[in-house]
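Use these hints to put chain B onto chain A, whose structure you have.
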Amino acid sequence: MSLGWFLARGKPDISALRQARDIRRLILLLNHGDFDVQWHAARALGTMGADATLPLIHVLGHPGINTRLGAIEALGAIRDPRAIEALAALLASHETSELRWAAALALGEIGDKTGTPALLSALRDDDRYVRYGAAKALEQVGWSAETDQDRAYYSIALQDWDAIKKLGKPATGPLIDLLKERHPAIRAQIVEILGTIGGDEAKKCCERVLRDPDGDVRWRAVLSSRRCGVPISVLPLQISRRQRTGPSAIGASILNFFFLGIGYDFAGKWWGLLILETYMMLLTLAQLELGPFMPFLIFYPVTALFAFQTYFMIQREAEMAG
Amino acid sequence: MNFFNLLGRKKPDIVGLAARKDIAGLVKALQYNDVDVQSQIAKVLGSLGTEAMDELILALKKKDKRIRLGIIEALTLIKDPRAVPALITTLNDESSEVRWEAAIALGEIGDSRAIEPLVPALKDHDKYVRYGAAFALAKIDWKPADDIQKAYYFAGMQEWKAVKLIGKSAIPALSHILNDRDSNVRQKAIEILGEIGNPDATPALIHSLGDASSEVRWKAVLSSPRCGIRLMHLPRGLSRRPKMTKNPLIAGVLNFMIPGMGYAYIGKWWGLMIYEVDIALTIWIFKYWGETNTYELLFPIYLLLAVHAYYITKKMPEPPI
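Note that the protein sequences, when read in sequence, are chains A and B.
For the first sequence, position 14 matches number 75 in our numbering, and the numbering has no gaps at all.
For the second sequence, position 6 matches number 70 in our numbering, and the numbering has no gaps at all.
Next comes chain B alone, as it looks inside the complex:
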């Protein structure tokens, strides 16, 4: 939430700002934390037409993401080709939402200069940006140069049947999206690689056997034999997956040095309770029994806690594959 909103920032007077054609004021008002207000401002800016262009393009450099999003929305409404170079630059914005909206805007403006920078956006690591780029390219009547590009396009649109029909040439596109953050997308890519059934998919499938998602790993196992990978090699490939097991030695040392933290490290909620009780007890014993007696009493207890944490960590069941 915006700090100014917390302080009860006043809702911007959109009608007044629009009447005065106060572009700078409207741009600033895009920071107001209400999507409906932001959308309303973007529409007003869009209705100002080409006279707002220069100021809007300049404001695209603002740090606040909400401002950039609002301006791109306005530029989409204005549809002035002078915005194309600035929007192309925005395709490399750090925010995936801004990149996505920039791709959509370029499609809406429909200028053919956008084709060249939109094609690499089909390889963006974010599925929304890829979808926006594919959508925009379709609007500009772009034709893929070859089957590999065509596969990137259909993968961006998530038209999986079309991707599958491309066959072997779709392997680079499908391998690329195996790095997507959405495990459902990764699962789908693995499934299609299996259906294509070409040995060239082997590195991608072996890579996916070590995926963080158990469902992606399972799909990779099912797809591997179809691509000619011998089943016998799969268990080793799967052994590379991120392990969720905890180190007993760390748990033990932690429990000895900071009693309770070893338990907290292995996910036991009561670890922090022991930690707090230990602090209180130490202060109390220290005050009433003196320093030497405190150490003599607590040291064996800490040792026991360390040994206990070590053994329970060691005996913790392994999570399912």
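Next comes chain A alone, as it looks inside the complex:
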């Protein structure tokens, strides 16, 4: 008996289940180990019509992400307006951005204007996928922006940077709001446009972005700050107050004082573990020989020297990293 035969036997017959309108089993298959089975089960559920709406809404609370994604996909295909409330709730509150994105797209597929307020809020989401999905869904429900602010959020979601530049000052607020974005490339783009638009708000924001943890974003902020009228002389001081992403020099030196080597490991030096292993071995041997406390009197003066060295090493490396 070949393995292929065995695997083929293990694959469920989705078309038979579709013909039998076995919604319950199709929903179970949304969490199948095979990606294709999940995909086909979701498609089959999408053809079940309004009968499947309530069972699918019910599984939106399922712990398996694949089941929830499949259910959202099927609800989008069924286009039953009864699903809007559940999808809007998921879009507004779910912690997994993937599910919020799928919910936004499903609301667009349903194409009912009732979902518009939830989609408008999703344009302000901190995840670019959710914002993009919401903007595309708004297009599908036939929404058109009434205010400049909504237009700005919509254009940012689509990453239509030319449209945002054309919009000018009204885009400043939404751009500043979306600096909460996690992807540095988008923050860098936003700060560049703020520099082009200019104005007091943009100026204040550029000063803030000078302290961004990402080097590229900070550099764009430097270039934009000059265009916004921030005096070049204040830039170095602002930059020096940036969020440091490297290890804390004090933390590493304290660690090295108590457990020699772990401070180096904390600072990203692979050989820190080697030193830690050696130190702990020596300490344990000394403790077995001299008792639990005596060895510390010998070891601490030595580790104190290493602690100082660690502090200055990390400070120097931070300066060099810029």
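One should not assume that every hint holds.
As the list claims (entries may be wrong) - Here are the simulated DSSO-like cross-link-like pairs (lysine-lysine), alpha carbons at most 27 Å apart as the crow flies:
no., chain 1, residue 1, chain 2, residue 2
1, B, K129, B, K187
2, B, K75, B, K92
3, B, K307, A, K72
4, A, K241, B, K332
5, B, K379, A, K241
6, A, K264, A, K226
Said to hold, decoys possible - Interface residues of chain B toward chain A, partial, derived using beta-carbon atoms under 7 Å:
no., residue
7, L295
8, M296
9, R300
10, S303
11, G331
12, W333
13, M337
14, E340
15, A344
16, I347
17, I385
What the hints assert, rightly or not - Computed from the model, here is a short list of chain A residues facing chain B with C-beta under 7 Å:
no., residue
18, E159
19, W162
20, L166
21, Y190
22, K197
23, I247
24, L284
25, I323
26, T345
27, A347
Just so you know, these hints were derived from the structure itself, not from any lab.
Just so it is clear, CB atoms sit at the ideal spot from N, CA and C, and this is done for glycine as well.
Just chain B, lined up with the frame of chain A:
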């Protein structure tokens, strides 16, 4: 670094070796770990002309990559067509640098026998080799048989505008380079597939939704609707991406069996510190309190550490899509 260099291996006497026409000595000296010296030796070997050919071709079988690279450089300078068959064999070398240099050498020699083996090199998984093959084919005045080959050529040269202009026939070439190790190349290929906007690109785009690079995945999302893929299908496609999340159960079991390792598994630097402290403490308690007391004291602590590792792993935030 070469072991012999560490021991203070003497710099080869290139002038002396060249004067004696000691080809074997010069080939051996290519192992000296200094690029300038290697380059100098390759030039000397190249200046020896066709009389060095046989020995050089034989030495192409040497295991050391530096020797093969140096010899190919010399053969490029000599430009003797007798080297073509050996260089063609080298196009299948395990080292991408050697394959790349072999392709360049074949182009420089300009022998039309190289065309047939250079065309498949346009499909190499390494961008340098593809670039070298395309460059060499252009030097030999090769003409692509059809638009598909033409697309492989322009993709090799990374002339993206030309690839885009080919249209639908460029899809196989672009789909092929979606396996490139460089995520920038993959991003560019996805972008062009979106600009071509043909539904035949669907399998390639769906495949890229599961790419390891977040930027490639994002480009695939933006390109998909242009190729007629319904947006609603994208979240499921993206769910296939490599997940960086850790298993709470593994973290818990590890912390129970080897305290601290569960924390190390989820990337906490202090996991190893706990591991070391545990070893020291166990030895110490064992010595002073005896075996039974050690187990009685440490077992509940290990259990607590296991439960803690389990919960912090479970509560770890998901990385952005």
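Status of the hints after comparison with the structure:
no.	hint	verdict
1	B/K129 to B/K187	holds, 22 Å
2	B/K75 to B/K92	holds, 12 Å
3	B/K307 to A/K72	holds, 25 Å
4	A/K241 to B/K332	holds, 26 Å
5	B/K379 to A/K241	holds, 22 Å
6	A/K264 to A/K226	holds, 16 Å
7	L295	holds, 5 Å
8	M296	holds, 5 Å
9	R300	holds, 5 Å
10	S303	holds, 6 Å
11	G331	violated, 12 Å
12	W333	holds, 5 Å
13	M337	holds, 5 Å
14	E340	holds, 5 Å
15	A344	holds, 5 Å
16	I347	holds, 5 Å
17	I385	holds, 5 Å
18	E159	holds, 6 Å
19	W162	holds, 6 Å
20	L166	holds, 5 Å
21	Y190	holds, 5 Å
22	K197	holds, 6 Å
23	I247	violated, 10 Å
24	L284	violated, 22 Å
25	I323	holds, 5 Å
26	T345	holds, 5 Å
27	A347	violated, 11 Å
In this structure, the earlier hints numbered 11, 23, 24, 27 are contradicted, and the remaining ones agree with it.
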